[in-house]
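Enquirer: Each chain, written out:
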Amino acid sequence: MTARNLLLGLLAVLIAAPAVIGAYPLAVLILVLHYAYLGIAWNVMMGFAGLLSLGHALYVGLGAYVAAALYASFGLPALLGAIPAAIVATLAGLGIGALGFRFRVNGVYFALLTIAFAEFTRILFDHMGWTGGSSGFFLPVEHGQLNPIALRGPPVLFYYVALVMTAGAFVLARSLMRSRLGYAWLAIREDPDSAAASGVDVFRARMAAVAVSSALTSLGGVFYAFYYNNMYPEQIFSMARSIEIILAPIIGGLGTLFGPVLGSFVLTLLGEGTTGLLEHFGWAAPGAKQVIYGLALLVIVMVQPAGLWPWLAKRLRIGRDG
Amino acid sequence: MAEALLTATGLSKSFRGLKAVNGVSFSVGQGEILAMIGPNGAGKTTCFNLIAGAMRPDAGEVRLAGQSVTGLRADQICRAGIGRTFQLVKPFAGLSVLDNVTVGALNAARHVAEAKERARAVLDLLDLGRKIDEPASSLTLPDRKRLEVARALATGPKLLLLDEVMAGLRPTECDRLVEILAGLNRRDGLTILLIEHVMRAVMKLAQRILVLHHGEQIAEGSPEAVVRDPAVLDSYLGEEAL
Amino acid sequence: MTYRLRSSRRALLQGAAAAGLAAGLPLGAARAQGPALKIGVILPRSGYLAQAGQSCQRGVDIAPQVLSDLGHRVEVVSVDFESNVDLARTQAEKLIADGANVLVGAFDSGGTSAIAQVCEQKAVPLVINVAAAPQITEQGFKYVFRNFPTSVMLVRNGLSLMKEMFKATNVTPKSGIFIHANDTFGQANRGAIDRLFPTLDMPFKLVDAIAYDPRAQDLSVEVTKCKASGADFVIVTTRAGDAIRLIREMVKQRYEPKGIVSPGSPGMYDQEFYDGLGGYSDYTITNLPWPNFNAPITKRLGEAFAKRFPQARFGVDAFNVGFTFEAMLVAADAAKRAGSRDSRAIAEALRSTDIADHVMTGGTISFDAKGQNNNIASATVQNLKKTPTVVLPREAAQAKPVFPMPGWRGRQA
Amino acid sequence: MTVYLDIVASGVLTGLVYGLMALGLSVIFGVVRVVNFAHGELTVAAMYMAWVMAGSLGVDPILTLPLIAAALFAIGYALQRHLVEPFIGRPEHEQFMLLLAVSIIVLNGLLLVFGPDARHVAVDYAYDSFELGPMLLDTVRVYAAAAAMVLALGLYLFFRFTDLGTAIRACADNLLGAQVVGLDVRRLYALTFGLGCALVGASGTLMVLMRDATPILAVQLTLLAFIVVIIGGLGSMAGALVGGVLIGVSEALAGFLLMPSLKSLFSYGLLILVLLLRPEGLMGRRA
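As you go down the protein sequences, you meet chains A, B, C and D in turn. Numbering follows the working numbering, with no gaps: position 78 of the first sequence is 78. Numbering follows the working numbering, with no gaps: position 143 of the second sequence is 143. Numbering follows the working numbering, with no gaps: position 193 of the third sequence is 193. Numbering follows the working numbering, with no gaps: position 200 of the fourth sequence is 200.
Since the hints were derived computationally from the structure, they do not count as laboratory data. Idealized CB from N, CA, C, for every residue including glycine. Possibly wrong hints are sitting among the right ones.
[Stated by the list, open to error] What follows is a list of derived Cβ distance ranges for each label pair:
| # | chain 1 | residue 1 | chain 2 | residue 2 | range |
| --- | --- | --- | --- | --- | --- |
| 1 | B | D58 | A | L6 | 17 to 23 Å |
| 2 | D | Y156 | C | S175 | 26 to 32 Å |
| 3 | B | R73 | D | M149 | 45 to 51 Å |
| 4 | D | A146 | A | F103 | 36 to 42 Å |
| 5 | D | P134 | C | V171 | 28 to 34 Å |
| 6 | D | G133 | A | S73 | 50 to 56 Å |
| 7 | D | G55 | C | S229 | 34 to 40 Å |
| 8 | A | L146 | C | E164 | 48 to 54 Å |
| 9 | D | R186 | C | S229 | 29 to 35 Å |
| 10 | A | T2 | B | G29 | 51 to 57 Å |
| 11 | C | S175 | A | F103 | 47 to 53 Å |
| 12 | A | F74 | D | M149 | 21 to 27 Å |
[To be verified] Derived DSSO-like pairs (lysine-lysine); straight-line CA-CA distance at most 30 Å:
| # | chain 1 | residue 1 | chain 2 | residue 2 |
| --- | --- | --- | --- | --- |
| 13 | B | K131 | A | K314 |
| 14 | A | K314 | B | K204 |
| 15 | B | K19 | A | K314 |
[Stated by the list, open to error] If you want the footprint, here are the derived chain C segments under chain A, 3+ residues with CB under 8 Å:
| # | segment |
| --- | --- |
| 16 | 261-273 |
| 17 | 297-305 |
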């Protein structure tokens with residue numbers, strides 16, 4: 001059971017899925033793939049370069065707003081709008097990274113810095129008139145139109161876009177992990193001083209990690225904008241979304257390639273499954289599902305802090321970073 | 001004496017008033033092995049860190065093959081051609097032995113495949129060939145020492161800085177390492193500057209010895225001469241002893 | 001308390017038949033006893049909108065029984081989207097996959113818009129109980145029907161009722177100030193006031209507009225700013241909990257405006273408002289659509305509510321319960337007229353909705369081309385003896401409006 | 001002119017309440033170095049406890065303060081001993097996940113038990129305000145501010161002059177050194193976490209006088225506590241108060257002069273500046 005054919009098998013199943021499953025499972029899978037993608041993007045910064053970002057919703061929001069604004073005012077289709085969106089998010093990421101690293105802000109303080117920037121931007125967007133401020137930004141909804149370039153179409157289009165994005169991010173992460181830059185990241189994550197002594201330019205490598213991570217994350221934001229067709233600063237830049245983004249990679253397995261994907265599957269199914277079970281037994285009092293979800297997180301973090309994928313990989317005797 | 005590969009002039013560094021290194025000047029000839037000895041707290045490791053870019057000197061200059069490298073960052077100095085090990089070994093614990101050394105090898109290779117090849121060669125040289133896929137965290141202390149040397153060597157240095165690599169090794173392992181280092185020096189003309197307490201290794205390897213005490217040079221010369229120099233004995237055994 | 005009222009079909013049919021006979025209500029032409037209409041209800045019962053979501057849910061819980069008295073057999077499936085847009089989408093798909101013929105929801109404008117898109121794609125009608133963002137009915141949806149006023153309508157009705165109140169009590173404030181939460185609803189109201197205030201030649205000058213952060217720990221600075229503006233009339237748009245803090249600060253800072261009026265936001269008619277402020281809650285006013293208590297259907301809804309939720313007060317929950325029940329009534333009525341449970345047929349029938357006797361104030365329920373009900377009227381609801389009481393328009397009034405409101409002193413908490 | 005006096009006075013009062021609310025975090029984060037992301041949720045739990053106690057005993061919540069502080073102390077001690085201890089020294093993201101899970105459980109547990117409606121505690125002086133010259137000082141917040149200063153002073157004396165306090169400070173300064181000299185670090189950390197939670201209990205009891213207890217309050221309190229503690233300076237009791245006042249006054253002025261909805265823009269801006277320029281905070285020692 002090598003990692004390769006396990007992955008190809010999963011990909012084949014996912015490609016065929018829409019033909020067999022109903023609209024509800026399809027919507028759930030879109031959510032799974034969306035957060036798997038964002039998990040991979042976030043993991044580049046944390047899993048590879050050891051930088052804990054708790055404000056990644058900032059890049060989702062920037063990506064969404066830029067692409068949506070360009071589409072609404074100039075009709076620029078999503079795929080083209082994604083480029084300036086990624087550029088804006090990357091500049092923001094580089095700005096935060098440069099400030100953080102230059103002033104030697106690290107560990108918990110770096111995490112707090114990312115939170116501060118995300119909340120700062122949320123409040124700014126709450127007051128920006130031309131993006132609708134806090135009453136939200138709505139995209140015109142085209143009915144019954146299929147235009148993949150502009151991300152206009154039925155959910156199954158978004159499913160395949162999410163699948164392509166996730167697979168692409170996986171392959172990109174895998175190649176990065178095996179590249180010169182990837183080795184530099186892994187070295188920095190383990191020991192920055194020793195990495196420097198081995199010829200790694202720590203500052204530039206970290207900035208590269210932030211740039212790649214924020215650019216990828218912003219593409220997830222572009223997807224969000226055209227899938228939901230509306231954005232509120234309070235929801236898209238929210239702390240809750242930043243936390244949602246880090247759950248899958250941490251529960252799945254930090255620094256691994258498949259961790260974020262597995263984590264996203266497990267957590268989303270845990271959520272939907274708990275809701276279903278509770279309703280079945282009639283205990284669906286509001287809050288009950290979240291208490292169970294919290295307990296599950298607690299158990300996983302205490303029993304298997306390195307994440308589920310490394311544990312599972314050992315069981316299936318696959319290379320750890322498969 | 002061969003023309004100097006490394007020259008340090010007037011190196012000084014103090015920490016909140018304590019003069020750890022005070023005006024140290026010396027040079028290491030191309031292809032030479034110089035040992036730096038002295039009691040604990042003499043400023044040896046600080047001197048190393050000033051040369052290797054881990055710390056910025058308060059005063060003084062460091063030149064490598066005629067080029068000034070004073071105050072450069074650790075990675076710039078590594079790229080300039082100085083490989084170093086740490087007194088307290090700092091492996092990339094979560095990575096495999098091969099990946100640990102590949103990180104260093106990337107400093108001297110165009111792409112990853114070439115770096116891996118280079119890493120395998122250096123690991124074989126240091127008798128770690130059989131353990132390349134094990135995580136660095138599972139290695140014994142001697143193996144970690146060898147891993148540290150391997151990573152420094154893999155960066156393709158002109159000058160190798162070794163900080164007490166023999167500490168904690170059994171005599172046989174010590175001799176084996178001395179043999180490898182001597183071979184590199186003979187075969188590839190690798191210049192070595194090492195800090196070492198294990199006199200057994202110093203006497204075998206070093207062509208010249210520099211003695212530091214309280215941050216200052218108190219003696220320099222051939223191993224035989226230095227070992228008998230009264231000032232050196234005082235520094236180790238303390239004045240009253242006589 | 002089970003939320004999934006998927007009680008077996010048999011029990012429901014018996015209940016409906018028995019109720020029909022017992023009440024002697026004409027069941028209309030004996031329809032073929034086809035299966036009941038399946039309504040999927042989607043509300044934020046947890047998360048930051050839990051308070052409003054659960055209030056609407058109380059309307060859902062009593063609706064089937066009241067609707068069956070009116071000859072509509074409905075089966076309700078309720079889901080909680082936890083005030084989270086991602087879940088709004090998946091839970092809407094789940095309801096439709098489970099066979100819901102029509103959806104009702106969702107209070108939060110972001111969630112409602114996400115659900116609207118799912119309904120549009122699946123051609124399943126969505127009847128919005130509460131959600132004020134105007135854009136929802138501007139996006140060209142054919143399967144979305146909103147029996148709830150947009151913020152523009154709320155503010156227009158609210159401002160004209162204020163003028164009516166000034167005439168009724170022949171007291172007119174000199175200067176007013178508008179203080180609102182800087183969130184979706186607050187911003188929408190701000191936009192509406194900026195646009196409408198100049199056009200309605202209001203008898204007082206609007207001195208300033210203050211936006212506050214609903215997350216703020218305390219609102220003392222905001223009230224100080226109001227007091228400093230010298231305004232003697234305060235218009236507020238708040239989230240549930242903020243209204244309490246605003247009034248408390250006004251009492252502490254001894255700021256006594258002639259009136260505190262909301263053009264339709266939650267906060268000043270929730271049970272926690274009365275618990276929190278006691279006597280200080282009196283005389284505050286909210287202009288919003290309110291149940292017409294003289295209508296028989298409202299009485300029946302109130303009785304069902306009292307039986308099912310003895311500890312809650314119908315008068316207080318009436319806004320959320322009323323609009324949520326009306327949304328389900330609209331859906332059931334359309335299904336009955338369409339004579340089928342097919343979603344497209346129901347949607348077609350919804351377009352020609354024309355319900356005269358319904359719970360909330362205002363003309364008959366009917367939808368324009370964009371699916372918006374424009375006949376919703378507002379009433380002036382003033383808190384008298386800690387109870388929301390309709391004081392305007394005169395024909396629906398239960399008491400006379402008190403304006404200007406007495407000072408804070410002498411009222412115990 | 002007096003309006004500015006009012007604004008600044010109100011800012012100082014609010015700031016001291018912020019400080020009171022952040023004291024518990026300053027102790028836990030400052031000493032045990034654990035990112036207590038459940039701080040807000042524990043505060044709201046204390047508010048609910050105060051509401052229940054005040055309701056059932058029919059007494060002013062301030063009298064129940066010692067009881068609730070003791071209850072929270074026990075919770076904190078148990079939390080550290082059984083949940084947090086294995087995570088000391090582990091990477092930050094693991095600690096963050098642990099306490100995030102705890103916060104999700106506590107928050108939604110409260111929603112389950114108490115429902116979403118705000119719970120209010122009525123006290124007769126709730127609407128009074130002291131007159132100090134032209135200024136009107138809100139009675140409740142004056143009490144809370146006074147409590148904040150008393151607690152901060154008490155903490156300062158505890159850490160400065162008692163053996164236990166000194167031992168805990170030793171752990172904070174140099175964990176290894178403390179262990180080497182034979183301090184039972186496990187017990188000390190548990191006591192510190194308990195002490196931190198006891199402070200959360202005290203501030204929760206007073207908070208319920210100012211804000212009605214509702215689950216959604218929790219996340220705001222957690223973020224605010226971190227801002228106050230970082231700006232004020234880790235592990236410094238006075239720092240929490242100074243940080244609180246600095247934010248309270250800056251928010252008040254920004255709210256009054258510009259727009260109240262921009263208040264927290266300034267606190268986050270301030271946090272960014274402090275994180276960059278003086279990470280140890282105004283009153284903290286260089287880490």
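Enquirer: Which numbered hints are broken by the structure, listed smallest first?
Expert: The structure conflicts with hints 1, 2, 9, 12, 14, 15, 16, 17, although it agrees with all the remaining ones.
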